[in-house]
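Peer 1: Residue numbers (this note's numbering), protein chains in the order written: chain A, 207 to 404; chain B, 174 to 348.
In short, the hints are calculated from the structure, not lab data.
Heads up, a few of these hints could be off.
What the hints assert, rightly or not - Subject to a maximum C-alpha distance of 35 Å in a straight line, what follows is the list of computed DSBU-like cross-link-like pairs (lysine-lysine): (1) Lys193(B) <-> Lys402(A); (2) Lys382(A) <-> Lys193(B); (3) Lys193(B) <-> Lys306(A).
Quick caveat, the model's predicted, so the values are computed rather than measured.
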Amino acid sequence: MEERRNTQVMNRAALTKRVVGKLTKQEAVIGGIGNSNWDLWGSGHRAENFYMLGSMGLAAPIAMGVAIAQPERRVFALEGDGSLLMQLGCLSTIAAQAPKNLIVIIWDNGIYQITGGQGTPAAQAGTDLIAIARASGIASAHWAADEAEFDALIDRALTTDGPHVIGARIDNEPGKTQTDRDPIRFRETFMRGMAKPV
Amino acid sequence: MSSAAESAPSWHGIVRQALKDNNVRLVTYVPDNVLRPLIEGCHADPYFTTFPAAREEEAIGIVAGATMAGMRGIVLMQTSGFATLPNVLASLVVASQIPVLMLVSERGTLGEFNPGQAIVCRTMRPILDSMGIEHHTLSRLDEAAFIADRTMRQAFATRWPACLIVSPLIAGGRK
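Here chain A stands alone, though its shape is the one from the complex (with noise of 0.2 Å):
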């Protein structure tokens, strides 16, 4: 089992565009607050995106509603630590559940990046949010160790039950585009999405 330490720092802009290309059967993907959702907004517009543009810590439980809604359809969170840190408990309410559709992935630089790049807690603690996942009850926990494996893990998630919680180590590179702030047309595209099957 990786620990955090032992993985490869890698680019959120990159690892974002790589789980975009290989989304073929109209996967939903939720961006989280900031800077992952600019890097989603930059790696191509999709019906199945939903930018969430407030409520720090929910791309998680956003995609959870949408995995449940959906069975048929796999779904992805992209969330920063610093976010999923404010609603940790979300993880067990994914593991009590247990949504066998569902993808969190965590982009891990240890940083408020949007806010002026402080430390979280969590990096100075040391605290390993992968272990906290695992911990939580899903077993299909793991850091990422390089982008070779990032790809294999986004596959594996991709071919087999969940959920499934991903951790990629980032640098602090912030988002090069930023979205439209529009959260109506968002919310009304989003859902001409979802309407379509799967």
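Got chain A; can you put chain B on it based on the hints?
Peer 2: Frame of chain A, contents of chain B only:
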């Protein structure tokens, strides 16, 4: 549940029926003593997918996601739990116009013994009013079915969240 209990009208039976009439299948909650009969009734009824969340914000996120994906839902909570919600209501549910239903058992009024609960209670309706979230209080059995059904119907028709408040007048409250 005995057949006599089933036939006697109760606030929770009325709410459960209104949920069904409005095709609301997902019930998430953070537990509350007053809500026990509603929570237990939903768990016992296979029409509903019912489960607890660790925190009210999380339950709002789950129901928001499910609603956008075509499964309507409601979050059950007590007054103090509602008080944790203003940010996610404003920035997710209201900003995106997602018809998330809430049902809050009202503590902190009509004989409350805990000063903390009494103060929290006073924040609830001003928070809802400040965001233009329609709320109605169930206080009488003869009005409950109409209020519950119409509140849900309007929420979905207008794509706006709504909140039902269960008063001690109808549920008895904590003594």
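Peer 1: The structure should be examined with respect to each hint, and the outcome stated for every one.
Peer 2: Each hint, compared with the structure:
The straight-line distance between the Cα atoms of lysine 193(B) and lysine 402(A) is roughly 25 Å, inside the 35 Å bound, and the hint therefore holds. For the proposed pair lysine 382(A) and lysine 193(B), the alpha carbon gap of about 46 Å is over 35 Å, so the pair is violated. Simply put, lysine 193(B) and lysine 306(A) have alpha-carbon atoms about 26 Å apart, close enough for the 35 Å limit, and the pair holds.
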